[in-house]
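**Student:** Residue numbers (our numbering), protein chains in the order written: chain Y, 1 to 649; chain W, 1 to 763.
Note that these hints are calculated values from the structure, not bench results.
Note that this is a predicted model, so its numbers are computed, not measured.
Careful: at least some of the hints might be erroneous.
Stated by the list, open to error - Just so you have them, the derived chain Y footprint on chain W, three or more residues with Cβ under 8 Å: (1) 243 to 255; (2) 453 to 467.
As the list claims (entries may be wrong) - Straight-line C-alpha distance at most 30 Å; calculated BS3-like pairs for lysine-lysine: (3) Y:K376 with W:K503; (4) Y:K461 with W:K305; (5) W:K491 with Y:K444; (6) Y:K416 with W:K62; (7) Y:K444 with W:K455; (8) W:K358 with Y:K461; (9) Y:K416 with W:K305; (10) Y:K416 with W:K534; (11) Y:K416 with W:K455; (12) W:K503 with W:K455; (13) Y:K444 with W:K531; (14) Y:K444 with W:K534; (15) W:K455 with Y:K461; (16) Y:K461 with W:K365; (17) Y:K376 with W:K455; (18) Y:K467 with W:K358; (19) Y:K444 with W:K503; (20) Y:K416 with W:K491; (21) Y:K56 with Y:K159; (22) W:K306 with Y:K376; (23) Y:K502 with Y:K181.
Stated by the list, open to error - Not everything, but these chain Y residues come out facing chain W in the computed CB check (under 8 Å): (24) F208; (25) T212; (26) N275; (27) T286; (28) A288; (29) L289; (30) H317; (31) S320; (32) C321; (33) G322.
C-beta: ideal position from N, C-alpha, C; glycine also.
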Amino acid sequence: MKLYCLSGEPSKPCFILKFKTTTIMLDSGLDMGSLLNFLPVPLVHSSRLSSLKKWKPNDYRGSGKIENELRACGTNVFVDSAPEFTLPQLDILDLSEVDVILLSNSYSTLALPYVTEYSGFKGMIYATEPTLQGGRQLMEELVHYVERMPKGSTANVWKNADILRCLPAPIKDAANPLAWKQCYSLHDVNSSLAKVQMVGFNEKLTVFGAVTVTASSSGYCIGSCNWSIQSDYEKICYVAASSTLTTHPQPMEHSPLRNSDVMIMSQLTRTPTVNPDAMIGEFCMTTALTLRNGGNVLVPCYPSGVTYDLFECLSVHMDSCGLSQVPMFFISPVADSSLAYSNIFAEWLSQGKKSKVYLPEAPFPHAELVNTGRLKHYPGIHGPFSDEFRSPCVMFTGHPSLRFGDVVHFIELWGKSSGNTIIFTETDFPYLYALAPFQPLLMKAVHCPIDTSLNFGQANKLIRDLKPRHLVISERYSHPPALHPHRNDLVIETDPKTIMYKPGSVLNLPIKRTYERVEIEPELAASLVPTEVKPGVAVAMVAGTLVTKDNKHVLKAPSDPKSKVDGLESGRRYYVWGELDMQEFVSKLAQHGITDVKVEDSAAGHIVHLPSDDTLIQIEEGSTHIICEGNEGLRVRLKDILLQCLSKL
Amino acid sequence: MSTTNHGAATLTCPQLLIAQKRFLHQVPHTSSVLDTQVYVFAVRLMGQLVANYDMLQTPEEKYIVTACVQKATEAEKWSEPSIRNAVFTLLRLMLKYKGALDLVIKLDAIHLAFESLSDPSLFVTGSAQKLVTKLIITSVTDHRQSTSEIHKSLIKQLWVVLRSSSDVAKKATVLKIFQDLFHEISNVILEEVNSLDFLQLLNKMIRCDSAVLSREAATLCLVYKRSNPADSSLDLRSEVCNLMHSGHVHVALNLCRQLLLREYQHLADGWPQDFLRQPLIIVCGTFINPLESGQFAAIAKSISKKSACLEVTGICLGGIEQLLQQGKDPCSFAALHTLLQLTSQECQCDVNHSQYRKFLLRQPKIQKAALRCLHQYYQLYLNDETGIGIPDAFVGSAQYLVDSLGCVDLDVTIVSEMLKCLLPAIKLAICHSLLSAEIQMWPEVLDLLGGTLQKRLCDMHWETRDSTVEFVGKICQSCADDTTVNMWIRKHNLHTLSWECVKDGESYVRAGALATVGHLSRDTTIWENMKIVKDISQEDVVHHILTIISTDTEGFARRAAIDLVMRWHKDGNQLQPINDVYRTMVAATKDFDWEVKLGVLTFWGNIIDQVLSNDTLPSYAINLETSKKFKGVVPEEKEFETKVEMLCSIGCCQALLFSVEDYEQSVRKKACELLTALKAKCLDNGLIQANNRSKSSDPLPTCGAINMTTPIFLDSIQQLDLEALLAENSKSCDSYENNPMDLLDDILASQRQDEEDNAIDCY
């Protein structure tokens with residue numbers, strides 16, 4: 001059993017598990033950290049961005065034309081090109097061999113088109129309906145943002161190792177930029193997602209009969225799940241982004257994950273030192289403070305997940321602060337579908353939200369906010385938005401990387417006033433680096449990272465509760481974060497049974513397959529005559545034809561009676577078993593005329609001496625030796641007498 | 001008819017007394033049909049009666065008491081705790097009369113009281129305890145009774161309970177009885193009980209597992225020592241030391257805390273505060289080697305578990321707070337500062353090494369107790385004008401407060417305590433700005449505090465917003481004269497944010513913000529700056545306040561807005577447009593909240609005073625001959641009429657007349673008082689004639705219904721019998737005061753409801 005670790009970022013996981021005869025891909029996360037090295041793509045022409053100074057290394061002597069590829073903003077250098085993404089290491093193995101892809105949540109689906117399209121992939125993809133729809137919205141938004149303002153050229157010269165090492169940090173530390181890829185197209189998204197088969201929680205799905213996969217709620221976002229992959233005698237659990245906090249999704253289920261042979265754990269929180277509740281409070285306070293001072297609040301966000309909680313908490317807080325007249329805007333090409341879908345996924349929500357459906361009310365208050373006109377959503381800043389826009393307001397829009405999307409426009413618009421605030425809640429991007437191309441910026445920047453996934457304390461507790469035999473984690477979780485080197489509590493407690501992986505690792509999982517389940521055909525089973533060998537245990541001899549189909553093994557009665565195994569019908573072969581009763585043996589010998597018998601106990605068993613025949617019988621557990629000086633007749637007699645004393649099968 | 005007003009029916013006028021006795025006479029005979037609550041009422045009524053009247057004078061009265069108590073002690077009634085409580089109280093009150101002790105014994109009440117010493121109801125336990133105490137004291141002091149020796153038997157019974165009962169609650173009550181008895185008859189008790197045995201028993205009880213028993217026994221020790229200071233067999237200091245060594249640190253510290261109370265202070269000369277400080281020193285890690293001192297080691301050992309550590313630290317802090325309240329400095333400021341850091345998660349300093357940090361971290365009770373002590377410290381230093389006593393850690397402690405206040409997930413009560421502490425801290429910093437070298441850090445601390453307060457004014461919890469806006473108001477009230485604070489308020493927009501809180505969604509916050517706005521408006525620099533920053537005029541501000549008075553859904557906010565208007569009016573602030581103010585105040589006369597209406601009437605009272613007084617001149621100049629030239633040439637009479645006309649035109653008179661008919665008695669009374677005063681002035685100035693009242697059937701003009709003119713108003717007050725109305729509205733008792741029979745008959749009649757066909761429509 002092997003596990004291929006394709007992703008370098010534990011929060012954007014992508015694994016391939018080879019188990020029994022199947023090849024299973026676990027998640028398909030896309031690391032978007034590379035985006036930060038690119039210049040933002042403004043929605044309307046930005047003279048500031050376009051006038052940034054071109055940059056080239058002082059000692060550059062190469063032949064490639066680098067002049068138009070790099071631009072400097074302050075001490076940072078950015079690539080002036082269409083944005084590119086870091087893909088999982090998909091070249092480690094042939095993707096056409098992948099039988100099935102299991103997706104845990106919508107955030108871990110973003111690399112899917114790179115996996116399924118143009119790769120020869122012909123397997124199945126399993127995901128819950130909200131994961132599918134959420135993933136689709138994220139991908140569509142991404143494609144829309146990237147394609148809306150296409151860059152004329154693609155920069156590749158700067159990726160040359162000679163140039164790369166001359167660049168300033170952090171761009172020079174970019175890992176393997178030659179492997180970065182541009183964004184997929186909407187066609188690829190649709191084609192890829194068309195292959196997804198929707199599953200429900202706790203629905204058992206068989207993969208070629210070899211293993212059963214089951215999704216169970218992970219409590220992280222709507223429809224997010226953990227997977228258990230089970231054969232008859234082995235169980236592997238894949239714990240992806242999970243949350244034990246009470247937010248809007250269905251709570252995390254623990255029982256399906258208990259007592260596994262291997263548990264693969266990924267997507268722990270990226271902000272282990274802060275409490276999401278406190279950060280929501282900080283977010284609301286900062287927003288109210290800015291609004292009370294007459295400023296605008298900009299929230300770069302994804303069109304799902306925590307954003308729904310932010311709408312809910314913020315609207316309540318604004319009401320309580322007397323700011324209910326301040327509008328909230330949500331701008332995303334998928335804003336409409338995102339808000340609509342979230343309110344029809346009642347079965348995937350927490351009990352509190354689910355019960356609202358029976359009132360009947362919309363599970364999320366944003367439906368009410370939209371109806372009352374407090375939350376206004378638009379696909380973009382053009383069109384009806386400009387009629388409704390007023391200041392001060394709270395603006396939720398993408399993309400959190402600040403490299404494309406409507407957020408770029410609002411930073412350009414509001415960035416010059418210290419009365420406005422940009423609040424970062426998403427944890428995918430370091431906010432200071434995200435803001436770097438917009439500097440100097442007067443707008444206040446506040447970091448309120450809200451990551452509801454498991455922190456280290458919760459993860460350790462969960463591991464103690466689930467008791468896996470072996471744990472697989474990223475080696476990054478085994479030591480404290482770089483910013484908090486002394487916080488030894490911010491690690492996963494490891495033991496010898498913990499297996500750690502690095503990007504690109506191929507792990508041999510220590511599962512020894514001992515048993516395989518074989519079914520016996522009813523006719524054959526009816527012909528068996530079990531013999532009880534000890535209380536509660538009966539055994540029987542069986543002979544048949546083993547038929548293996550779709551990874552199922554069935555023992556059938558031999559189709560041709562003549563071909564029955566010798567010894568089963570005509571010359572039946574017996575197996576003796578049990579312990580020899582010496583009293584019985586001696587009396588049997590006497591019955592056969594051998595009366596001069598001496599029995600001695602030895603360390604290994606018994607020694608029976610027949611002085612008159614000059615014969616010695618050594619009886620030990622598992623072996624019997626008759627030493628009779630070549631008297632074959634006597635030996636056969638003695639063997640027969642001995643066999644009479646043993647149980648037969 | 002409700003039976004909850006029985007306390008009011010305790011007059012001793014002959015008519016009432018007869019009525020009460022008649023009622024009480026009927027009660028035992030109708031008890032089978034009486035509701036338990038009515039019976040409780042009857043017994044309590046009798047209790048109120050015997051407080052002022054001897055009910056044992058005649059056989060008939062004695063019969064009433066006996067019958068009532070006997071009926072009350074029947075099993076069915078006695079199971080009701082209110083009955084037991086009422087009976088014990090009645091008997092205790094009765095004990096001051098001759099023959100009462102005999103009656104109590106005859107009714108077997110002593111037995112009942114002893115049984116109730118551990119009653120599930122604390123009220124019953126308390127009344128039984130008081131009865132037994134009173135019985136003993138009466139028996140000792142009142143020799144009129146034939147059973148005056150009963151106290152010996154009772155003390156012996158109590159002693160037996162103490163020695164042999166397994167009922168902890170009962171023993172604790174008996175200890176309380178002994179505490180009361182030692183105050184009164186210490187010598188009598190010691191005649192019956194051997195003092196050595198007594199102290200030995202107390203010693204044993206102090207060390208028992210029951211916290212209640214231990215506490216009461218310790219208190220009794222103190223009471224004993226106070227009553228018998230010469231008794232050398234009880235040395236309190238040794239007792240405390242022994243308790244500490246035997247691991248009963250919390251009991252020892254509680255004893256020390258009690259010794260700090262005024263009544264026991266003379267028993268100890270300062271050593272209790274040394275003992276109280278010790279656990280704090282250990283917890284803060286200041287004490288290096290506990291093995292050097294047996295006492296320290298004993299304390300350290302006893303607080304090795306979380307619950308014990310928290311309990312001991314809590315007692316210790318309580319004691320320190322007590323000392324500080326008495327103006328004594330237990331010299332623990334540095335330790336207190338360290339303790340606060342230990343409780344705070346944000347603290348990154350070297351206190352992390354303390355082994356007690358894991359117990360104390362984010363413990364709200366400890367945090368609050370420590371903050372209360374810190375507040376007392378600041379107050380203590382604030383009262384010391386020299387500032388010499390201010391410790392070096394002062395700025396550090398204030399910095400800690402500011403840092404911690406920034407923590408988002410802080411409990412709202414802790415935020416409130418922190419803000420309470422910060423107020424004297426800032427005052428201190430201002431008062432002694434030249435006394436400390438560390439004061440250079442203040443700008444930084446103040447800057448951080450400004451930012452934090454901004455956020456707290458927008459906090460998720462309304463309680464925090466409320467405390468913060470109140471804090472800003474207090475700072476402005478007490479320190480706005482200081483240039484630094486004034487600039488600080490403006491720099492951090494605390495004035496504009498406080499104004500924004502007037503629009504808060506929570507009424508308490510709005511009310512608090514309105515009070516703060518009142519304080520802010522007193523400082524011209526701050527107030528004018530606020531209006532410039534918010535781009536609003538004084539008219540806009542007044543209009544917003546008036547909108548709150550007219551439309552706010554909560555009485556708190558409306559009351560606060562009226563207070564603000566009154567304050568501005570009093571301060572001569574620009575209340576423009578004034579006609580809008582008058583119109584709003586007239587409308588507010590119809591408010592649903594009686595306190596709002598009282599506020600409105602106070603406003604009108606102020607207006608009347610202002611209009612009718614010679615306010616253009618100082619009081620000392622009014623009677624001067626030359627003052628006339630300042631008052632103009634308008635004749636006195638004419639001038640007064642003009643003033644009344646003005647009061648009518650602004651709606652004041654109309655509002656007062658409307659309020660006379662209000663459904664709230666207090667409002668009617670206040671309106672009557674104002675109108676009476678106004679009427680008197682009208683009479684003095686000859687606008688109306690005395691005794692010229694004609695019977696008019698016209699109703700009084702309603703507020704806003706008609707345009708009140710001066711003649712109509714004068715006619716109206718002429719018609720009104722204000723004296724009678726005032727007398728009527730000043731009555732403090734309900735209508736049954738004059739005719740209690742109605743009430744009593746109501747009570748009895750209500751019990752016969754079942755016999756009648758009284759179908760109740762639920763809807």
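**Student:** Evaluate each hint against the coordinates.
**Tutor:** So, going through the hints one by one against the coordinates:
Given a C-beta distance limit of less than 8 Å, the hint that chain Y covers the region 243 to 255 of chain W is violated, as 0 residues qualify and 3 are needed. Under the rule that three or more residues need a Cβ within less than 8 Å of chain Y, the assignment of the region 453 to 467 of chain W holds, with 9 such residues. For the suggested pair K376 (chain Y) and K503 (chain W), the alpha carbons sit about 23 Å apart, so the restraint of at most 30 Å is met. Distance check on the hinted pair: K461 (chain Y) and K305 (chain W) sit about 24 Å apart at the alpha-carbon level, within 30 Å; holds.
In summary, the hint linking K491 (chain W) to K444 (chain Y) is supported, as the alpha carbons are separated by about 16 Å, within the 30 Å threshold. Of the pairs offered as hints, the one joining K416 (chain Y) and K62 (chain W) is violated, with about 92 Å between alpha carbons and a cut-off of 30 Å exceeded. Between K444 (chain Y) and K455 (chain W), the direct Cα distance comes to roughly 14 Å. Compliance with the 30 Å bound is thereby established for this hinted pair. For the hint linking K358 (chain W) to K461 (chain Y), the alpha-carbon distance of about 19 Å falls within 30 Å, and the restraint holds.
The suggested pairing of K416 (chain Y) with K305 (chain W) is violated, with an alpha-carbon distance near 56 Å, which exceeds 30 Å. A hinted pair counts as satisfied when its Cα atoms are at most 30 Å apart, and K416 (chain Y) with K534 (chain W) qualifies at roughly 20 Å. This hinted pair checks out: K416 (chain Y) and K455 (chain W) have alpha carbons roughly 22 Å apart, not beyond 30 Å. At roughly 16 Å between alpha-carbon atoms, K503 (chain W) and K455 (chain W) fall within 30 Å of each other, so this suggested pair holds.
Under the criterion of a C-alpha separation no larger than 30 Å, the hint pairing K444 (chain Y) with K531 (chain W) is consistent with the structure, at around 24 Å. Among the hinted pairs, K444 (chain Y) with K534 (chain W) is consistent with the structure: their alpha-carbon atoms are about 20 Å apart, no more than 30 Å. Between K455 (chain W) and K461 (chain Y) the CA atoms are separated by roughly 34 Å; this puts the pair beyond 30 Å, and the hint is violated. Distance hint between K461 (chain Y) and K365 (chain W) is fulfilled; the C-alpha atoms sit about 28 Å from each other, no more than 30 Å.
Simply put, K376 (chain Y) and K455 (chain W) have alpha-carbon atoms about 26 Å apart, close enough for the 30 Å limit, and the pair holds. The hinted pair formed by K467 (chain Y) and K358 (chain W) meets the criterion: a straight-line CA distance of about 28 Å does not exceed 30 Å. The suggested pairing of K444 (chain Y) with K503 (chain W) holds, with an alpha-carbon distance near 24 Å, which does not exceed 30 Å. Distance restraint check for K416 (chain Y) and K491 (chain W): the Cα-Cα separation of roughly 20 Å lies within the 30 Å cut-off, and the hinted pair is therefore satisfied.
Of the supplied pair hints, the one linking K56 (chain Y) and K159 (chain Y) holds, its CA atoms being roughly 13 Å apart against a limit of 30 Å. Among the hinted pairs, K306 (chain W) with K376 (chain Y) is inconsistent with the structure: their alpha-carbon atoms are about 52 Å apart, more than 30 Å. A C-alpha spacing of about 22 Å is found between K502 (chain Y) and K181 (chain Y), which places the hinted pair at or below 30 Å, so the restraint holds. Among the interface hints, the one on F208 (chain Y) is violated; its C-beta lies about 50 Å from the nearest C-beta in chain W, farther than the 8 Å criterion.
Hint on T212 (chain Y) is violated. Least Cβ distance to chain W is approximately 43 Å, over the 8 Å limit. The closest approach between the C-beta of N275 (chain Y) and any C-beta of chain W is roughly 6 Å, which is under the 8 Å cut-off, so the hint is satisfied. For T286 (chain Y), the shortest C-beta to C-beta distance to chain W is roughly 7 Å, which falls under 8 Å, so the interface hint holds. The beta carbon of A288 (chain Y) is positioned within 8 Å of a beta carbon in chain W (closest approach about 3 Å), and the interface hint is therefore held.
Checking L289 (chain Y) against chain W: minimum C-beta separation of about 4 Å stays under 8 Å; hint holds. Interface hint status for H317 (chain Y): upheld, as the beta-carbon distance to the closest one in chain W is roughly 6 Å, under 8 Å. Interface restraint check: S320 (chain Y) against chain W, minimum CB-CB distance 4 Å, threshold 8 Å, status holds. Nearest Cβ of chain W to the Cβ of C321 (chain Y): about 6 Å, under the 8 Å cut. The hint holds.
Below 8 Å, beta-carbon pairs count as interface contacts, and G322 (chain Y) has one with chain W at about 4 Å; its hint therefore holds.
Violated hints, listed in ascending order, are 1, 6, 9, 15, 22, 24 and 25; each of the other numbered hints is respected by the structure.
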